[in-house]
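S.K.: Fit chain B to the known structure of chain A by using the hints.
Protein chains: 2
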Amino acid sequence: MALDKEDTSERVVAIARRLLEEGGAQNLKARTIAQEAGIAVGSIYNMFGDLNGLHLAVNMRLLSELGERGAAAMASLAQKQTADTRERLLGLALAYHAYVQEYPGAWAALLAYNRGRVHASETAPYVDRLDGLFQIIADVLSEGEPYLSKEDAGHVARTLWSSVHGIVTSGYAAHSGERKAEEIWRQVDLLVTTFLEGLRHRKGALTDMGRNA
Amino acid sequence: MALDKEDTSERVVAIARRLLEEGGAQNLKARTIAQEAGIAVGSIYNMFGDLNGLHLAVNMRLLSELGERGAAAMASLAQKQTADTRERLLGLALAYHAYVQEYPGAWAALLAYNRGRVHASETAPYVDRLDGLFQIIADVLSEGEPYLSKEDAGHVARTLWSSVHGIVTSGYAAHSGERKAEEIWRQVDLLVTTFLEGLRHRKGALTDMGRNA
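Heads up: the sequence lines are chains A and B, in that order. Going by our numbering, the first residue of the first sequence is number 1, and it counts up by one from there. Going by our numbering, the first residue of the second sequence is number 1, and it counts up by one from there.
These are computed hints drawn from the structure, not numbers from a lab. Among these hints, one or two may not hold up.
Chain copies aren't distinguished; within one or between two, either way the pair holds.
[Unchecked claim] Here are the computed lysine-lysine pairs in the DSS-like style, where the Cα-Cα straight-line distance is at most 27 angstroms:
| id | residue 1 | residue 2 |
| --- | --- | --- |
| 1 | LYS180 | LYS203 |
| 2 | LYS150 | LYS180 |
| 3 | LYS5 | LYS29 |
| 4 | LYS5 | LYS203 |
| 5 | LYS203 | LYS150 |
| 6 | LYS29 | LYS150 |
This is chain A alone, in the form it adopts within the complex (with noise of 0.2 angstroms):
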């Protein structure tokens, strides 16, 4: 019995996150879901609260998927015993780019859910598990580029995952197509080269500046 109610609300969540993928966050209705899940619209309320609350859902789904092709992407980098910042910073940017390329409507929808949230104390374990994405970047840091100190880490994580995030999803590239995803990398690329060098430049000034602002 407690197992068909985990089966349910297994399928209630794929259900929905087709629906996002498909047409975002409008396209999410209890009715349709209800339907195609072959259960009442009033379990879905019980299992996830409201529409909200299986947004949500989804969207903790897609994080935890996102870190588990971020931990793939370091074990493949280990593999290889490349222990470079910047190879390793763009092997995760690159297994960014390919999932956000993967899921797009479902994507913007998580980022659109993002947006609108008020109440953080909502989504506190969304927030955690985001964290725990940002963590993977700063113990390469850490790791690369011994000078940074552990909140200085962190804070260079947060601006680079930020960064390499509005390239890859706004897309501002002269090309379509093809030769867009070209130069989304190339953009990427020069991003990541380019902080670093001047990030190595910088050490010791790093923590003064950053709160200058």
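M.R.: Positioned in the frame of chain A, the structure of chain B alone reads:
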């Protein structure tokens, strides 16, 4: 009579903009707009083709305003005789941040619209306007960092815009509210300052490496 038509179209765009600001693209309903503007639903389609056309008209307005803000920031920097590239780039980033904070809903809808477009031909004037914004940044770079080729200045301008955009719109900050805005700004400062430092050290290597992805 021609003037009346322009007035009506202005009014429709203003209503659409408010609706987009309040609830995104799914809030853009022809019936609501027609009712508020006191015109027939058909008139909206006559003027803008469809709701996408109307959304595009709002986006053109937003990009124009953003261009004006950028020009105003540049004028204010010129008055202070600021020739420093970092300060000028941060001035432009600040103008962008302020604009997005002022119209978060309409700007998020513009980004979502951007993601959804397939046919480049449809959005050519839109892309032109976006290019105009990149050009402001490229000019700052060409003036302050003369070792950059014209092509590299454009490439760097796009990369910086996308990065700052990612930081400002995703807001992956550890804190919320007041402190969140502060941390976003710390990330922008870290990005611009460190990237510029790296750029100055890479110089000649830039053209090769940027294409080596």
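S.K.: Under the constraints set out in the numbered hints, which ones does this structure not fulfil?
M.R.: As far as the earlier hints go, 4 and 6 are violated by this structure, in ascending order.
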